[in-house]
Amino acid sequence: EDKVVQSPLSLVVHEGDTVTLNCSYEVTNFRSLLWYKQEKKAPTFLFMLTSSGIEKKSGRLSSILDKKELFSILNITATQTGDSAIYLCAVVTTSGTYKYIFGTGTRLKVLA
Amino acid sequence: KAGVTQTPRYLIKTRGQQVTLSCSPISGHRSVSWYQQTPGQGLQFLFEYFSETQRNKGNFPGRFSGRQFSNSRSEMNVSTLELGDSALYLCASSLSGGRAGNEQFFGPGTRLTVL
Numbered sequence: 001e002d003k004v005v006q007s008p009l010s011l012v013v014h015e016g017d018t019v020t021l022n023c024s025y026e027v028t029n030f031r032s033l034l035w036y037k038q039e040k041k042a043p044t045f046l047f048m049l050t051s052s053g054i055e056k057k058s059g060r061l062s063s064i065l066d067k068k069e070l071f072s073i074l075n076i077t078a079t080q081t082g083d084s085a086i087y088l089c090a091v092v093t094t095s096g097t098y099k100y101i102f103g104t105g106t107r108l109k110v111l112a
Numbered sequence: 001k002a003g004v005t006q007t008p009r010y011l012i013k014t015r016g017q018q019v020t021l022s023c024s025p026i027s028g029h030r031s032v033s034w035y036q037q038t039p040g041q042g043l044q045f046l047f048e049y050f051s052e053t054q055r056n057k058g059n060f061p062g063r064f065s066g067r068q069f070s071n072s073r074s075e076m077n078v079s080t081l082e083l084g085d086s087a088l089y090l091c092a093s094s095l096s097g098g099r100a101g102n103e104q105f106f107g108p109g110t111r112l113t114v115l
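Same order as they appear, the protein sequences are chains A and B.
Under our numbering, the letters of the first sequence match residues 1 to 112, in that order.
Under our numbering, the letters of the second sequence match residues 1 to 115, in that order.
FYI, nobody ran anything at the bench for these hints, they're computed from the structure.
Please read these numbers as outputs of a predicted model, since none were measured by experiment.
Among these hints, one or two may not hold up.
Said to hold, decoys possible - Below, computed lysine-lysine pairings styled on DSS-like, alpha-carbon distance capped at 30 Å:
(1) K13(B) to K40(A)
(2) K3(A) to K57(B)
(3) K68(A) to K41(A)
(4) K57(B) to K57(A)
(5) K67(A) to K57(B)
With these hints in hand, go ahead and build the complete structure from the sequences.
Right, dumping it as structure tokens:
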């Protein structure tokens, strides 16, 4: 059975800290890995990763994929209180049609 | 460009009732997926519709059903509600399902409470 596991489940840090969120997966027919940020309701898209070793970067956020070891990390540097959210990782698989398999998320709280 | 809209935003029902949730995708998007989100379970995939056809289905009982109209709007129906159906139901749209990894855009969700 396909599965996506995120760690840690929750994390509390202080403003200015750097955090690393992990997403590991065991799936068949991997196509891509997506990261989302969910603050209140709707998850918002952060990154899509398809190739190993190529870092995607957006401001203080960056992410990289390792298809050999089957994981991805999301880094947030110089955290701010506005980074407090649930970070979701989803793996897209395809066997004719595609499926999005989500992890349970990492709840990040950044204290002022 | 308007985002994904879901109605209603909040809903309270009692056990045994049925409910219909609605989702309007971003204009031009033909794929609509539905998810159930509960604390500790993450997002669980319900089903996906593309061009009015259910193309993919998760592991939910037959009480959960859906449909898609010619304008790509989608509805999800849950019959014989149970307490465990209380959750945030999210809908997501994307351009097409033909190419995996298309970014999905999520709506604000419908918070369903079953008493």
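Which numbered hints does this structure break?
Violated: hints 3 and 4.
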